[in-house]
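Enquirer: Listed below are the residues making up each chain.
2 protein chains.
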Amino acid sequence: MTTTPALLKIFKPCNTLMRDNMLEAFDLTGRVPKGQYSSIVEPLEARTAELQREVRKRGKSVIIVMEGWRGSGITRIINLLQPVLDPRGTRVHPIAEPNDIERDHGMFWRFWARLPSYGQTAIFDRSWYTATIVERYNGDSMKEIPASCIEDINNFEAQLISDGNLILKFFLHISKEEQKKRLNDIKDSPFTMQARYLHRKEGIYMVNRDFEMIDHMLMKTDMPSSPWTIIEAESMKYGYVRILQTFNSAVECWLEKGDGGQKEQNQTFLLKSVEESEESSLLQKADLTKSYTRAEYKPILQGIQESLRDLQVEVYKQNIPVVIVFEGWDAAGKGGCIIRLAESFNPRGYVVEPIGVPNDWEKMHHYLWRFYTRFPRKGHITIFDRSWYGRVLVERVEGFCSEAEWQRAYHEINVMEDELIRDGTVLIKFWLHIDKDEQLRRFNDRQSNIEKNWKITDEDWRNREKWDQYESAVSAMIRRTTTSRAPWTVIPANSKYYGRIAVLETVESALQKKIKEIK
Amino acid sequence: MTTTPALLKIFKPCNTLMRDNMLEAFDLTGRVPKGQYSSIVEPLEARTAELQREVRKRGKSVIIVMEGWRGSGITRIINLLQPVLDPRGTRVHPIAEPNDIERDHGMFWRFWARLPSYGQTAIFDRSWYTATIVERYNGDSMKEIPASCIEDINNFEAQLISDGNLILKFFLHISKEEQKKRLNDIKDSPFTMQARYLHRKEGIYMVNRDFEMIDHMLMKTDMPSSPWTIIEAESMKYGYVRILQTFNSAVECWLEKGDGGQKEQNQTFLLKSVEESEESSLLQKADLTKSYTRAEYKPILQGIQESLRDLQVEVYKQNIPVVIVFEGWDAAGKGGCIIRLAESFNPRGYVVEPIGVPNDWEKMHHYLWRFYTRFPRKGHITIFDRSWYGRVLVERVEGFCSEAEWQRAYHEINVMEDELIRDGTVLIKFWLHIDKDEQLRRFNDRQSNIEKNWKITDEDWRNREKWDQYESAVSAMIRRTTTSRAPWTVIPANSKYYGRIAVLETVESALQKKIKEIK
Chain A
1 MTTTPALLKI FKPCNTLMRD NMLEAFDLTG RVPKGQYSSI VEPLEARTAE LQREVRKRGK
61 SVIIVMEGWR GSGITRIINL LQPVLDPRGT RVHPIAEPND IERDHGMFWR FWARLPSYGQ
121 TAIFDRSWYT ATIVERYNGD SMKEIPASCI EDINNFEAQL ISDGNLILKF FLHISKEEQK
181 KRLNDIKDSP FTMQARYLHR KEGIYMVNRD FEMIDHMLMK TDMPSSPWTI IEAESMKYGY
241 VRILQTFNSA VECWLEKGDG GQKEQNQTFL LKSVEESEES SLLQKADLTK SYTRAEYKPI
301 LQGIQESLRD LQVEVYKQNI PVVIVFEGWD AAGKGGCIIR LAESFNPRGY VVEPIGVPND
361 WEKMHHYLWR FYTRFPRKGH ITIFDRSWYG RVLVERVEGF CSEAEWQRAY HEINVMEDEL
421 IRDGTVLIKF WLHIDKDEQL RRFNDRQSNI EKNWKITDED WRNREKWDQY ESAVSAMIRR
481 TTTSRAPWTV IPANSKYYGR IAVLETVESA LQKKIKEIK
Chain B
1 MTTTPALLKI FKPCNTLMRD NMLEAFDLTG RVPKGQYSSI VEPLEARTAE LQREVRKRGK
61 SVIIVMEGWR GSGITRIINL LQPVLDPRGT RVHPIAEPND IERDHGMFWR FWARLPSYGQ
121 TAIFDRSWYT ATIVERYNGD SMKEIPASCI EDINNFEAQL ISDGNLILKF FLHISKEEQK
181 KRLNDIKDSP FTMQARYLHR KEGIYMVNRD FEMIDHMLMK TDMPSSPWTI IEAESMKYGY
241 VRILQTFNSA VECWLEKGDG GQKEQNQTFL LKSVEESEES SLLQKADLTK SYTRAEYKPI
301 LQGIQESLRD LQVEVYKQNI PVVIVFEGWD AAGKGGCIIR LAESFNPRGY VVEPIGVPND
361 WEKMHHYLWR FYTRFPRKGH ITIFDRSWYG RVLVERVEGF CSEAEWQRAY HEINVMEDEL
421 IRDGTVLIKF WLHIDKDEQL RRFNDRQSNI EKNWKITDED WRNREKWDQY ESAVSAMIRR
481 TTTSRAPWTV IPANSKYYGR IAVLETVESA LQKKIKEIK
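Read top to bottom, the protein sequences are chains A and B.
With the first letter of the first sequence counted as 1, position 481 gets the number 481 in full-length UniProt numbering; the numbers rise by one all the way through.
With the first letter of the second sequence counted as 1, position 431 gets the number 431 in full-length UniProt numbering; the numbers rise by one all the way through.
Bear in mind the hints are in silico, worked out from the structure with no lab data behind them.
Honestly, I wouldn't trust all of these hints.
Given that identical chains are not distinguished, each listed pair holds provided it fits within a single copy or across any two copies.
DSBU-like, lysine-lysine: derived pairs with alpha carbons at most 35 Å apart [to be verified]:
hint: 1; residue 1: K257; residue 2: K57
hint: 2; residue 1: K290; residue 2: K181
hint: 3; residue 1: K455; residue 2: K363
hint: 4; residue 1: K34; residue 2: K496
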């Protein structure tokens, strides 16, 4: 293993660098000493390549964010880096105008979709920072990105980091004179013209180069686990050397630490674990004696279905995304509820996403990745038949993830759902509740009825043996992921008719409420 | 197992039905006998559900195509079918206006992307038929879809069928009076308004209901292995029963046959196999003594790279998609060529797709699926580091697919490439050729050089032992997939410098040629 030469300024953790007027005061005079470029760069590059292979072996990802003034040389840096990095393990994501499907989702959706699988390196040529400025920041007279945007960014990065990945963030800095020169050189390039996206806020990145605003953004998103590095790119050679150095030191440091700092996080959860055990089951409050007869059920069902049909039309017209989550005991009747719900809807506007064991490709990503990428576009309804809550239910009980992982999941899920809701989504979460005796009756029915036989497997019986463990997992889930904006609805489902009506009524009133809010 | 009741007309293979004026002469008076609907439908539905589970077990897909006049009730039929089919195994794909990414690809790209994974059922609510009419058929005065479009459709379906899947195609037929009534009922639905897509050719589906044109289209695409069924949908109940019947008979018949008729296909390949063995290696013609010195190489390289830089700009401006395929012996220098090529390009306009073993999700699809979905959008360049030719190289030699499968692949690949080219793509295919001694030299070099050590694995040595088998696979590949529009370029690469220049020059002249054609 070669080590990084100490010839130039060595990488400093950026949080010590961040201060007011940081960019304006930045020293841009750094140059690689004449005639020494090759002898400095070559060992750095060899080390970078070696480190990237090392990261790959550990099965974690490196996410490189490239931001900077317009014309600061992001493309040129990437062109230098690409031959060094293993092309089989690296992908560049140029971020420009979102396409029409992307525009119909929350801002982070397209970044989730582009996350590298484990072992891969992603280079974002512009990123959620530029996207935040262009898509969310509307106050040209203010000098600050709104706190909620900053929070979203930090939450997003925290999700990736707590999953064990490494994020490296670079801001390429050049002087005004140099910028003018470079912009002139590239003014005819269609790839620059592609940056129409940036033009919308070109004052910030170009004309008056809004130092105050960029300073503020960098400072507020300069987290210990995902610090910014300002790159002096006045000389491309110097800038490139600084990037290699930073990459190497950061990756070395991260590899030494082991698993991306997960250890610290474990501690904070101990208290909550204790608290949980004291609690009596919230589920016991559900009144399972409620029921409807068939004669009562039929006309009520028909009435709500008609109402839901009209509501879907409104949802579609008003561009509202809707997410409906079904969780519940085995044989609680999720499938039956989903059929009654879906019958109301035009298939052009909804989809059912059945969630089972993640496939191998999904396993190569953050566990929320497969859900993010399935969220509905505006005006559309996605019904999840089981969901991300598997993390704190089956994965917890069966030990498919570590305790730290499922403990962390409550917070991660709350953050994700909050983002969905702020993006305008109607989110409805159902726990279909039956008691143990009712489940046994249904299992036996399935077992003995030849047409339902395929529905029951040995796994169902095995899960049933763990009823108590699942019960406490469910209680914890409901308590810790019930927020004012994303509450759970526990459906007493011992009576199938009652359960279905309760589900449809809940959806009906949630949609009515949202449509009223909008109008 | 229940059997399909013979109460109504039994499913007839549609090719016997197809004739001129078929639609106009069609009997639309069929009705379900009064009071018997439930007793007819319920056993049919149970059987449909059972058959779908059976298909799933076999690991093949069912693709249901729903076409018909505007207002003929596609949505209603799907709403009836959905609760019958397993929601975990079924997905509806409403086909409307392509989004901007889809519009930047060939017409079939979005259908490839939506193909179900093995075991799943896909219902296309409108399909490549409507897309062909709307996107390609421009002659309202003609009465026929152009032969090339018909050929594309038949090729597409043949690819799916020879992979073992089942395609069911329905055309929903109603009378003019009934259509008028229904269109009036749904005129305010936004899901109908979404069908702006159809409006473009509304004469065909609505106003004058172009019988001649639709007849022609149905007839020309009514293949023995993917026949059309005209559904009399004047009565929805009757139409639905007909669809269930057709589904059940077709699936039963297909399950009996075993593997979607692959057997017939095997025979036709025997002759070609013989032919192949007689042939001397085309590779031997490559002059491996050609070389450049470093002093010659450097300035030539620089010159071409500059030219390629400008050409990429043109490609981007002219909206030309470019696909560059690299195949070659292990250690032939593919990586080095790709780096030199990519150095010329702006990373915003190209991507390298390294192709390895397919992941589990990819394995759940047609082997070409993972390539189709990676094809570039207009103006972009995709460089494949290995490719679909793996099917007839490593998969053939290592026995990862059956002989029938790789034998069939030559034709399938030619069809796919031809489609690419007709969609305007520049396709360049390289075989990097070195001799056995040169490979040994390079392997030994990698083995002994600590910085290159990671590049060589036991697998490389194992592959080398099968040099002769690979050589005949390569020869067959080149011979059988060299077409006038998609020829192979064999690059003599014993001299790395010579090889790289030859590659870059080939790309240069191919791009120049295309740009000239367009201008």
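Enquirer: Hint by hint, note whether the structure agrees.
Expert: Quick rundown of the hints versus the structure:
In the homo-oligomer, the alpha carbons of K257 and K57 lie at most 35 Å apart inside one protomer (15 Å), although the nearest pairing across protomers, at 46 Å, exceeds that limit. Within a single copy, K290 and K181 get their C-alpha atoms no closer than 75 Å, and across copies no closer than 43 Å, so neither meets the 35 Å cut-off. In this assembly of identical chains, K455 and K363 lie within 35 Å of each other by CA distance both inside one copy and across copies; the values are 26 Å within and 26 Å between. Taking CA atoms no more than 35 Å apart as the test, K34 paired with K496 passes between copies only; the shortest distance there is 31 Å, against 80 Å inside one copy.
When held up to the earlier numbered hints, the structure conflicts with hint 2 and nothing else.
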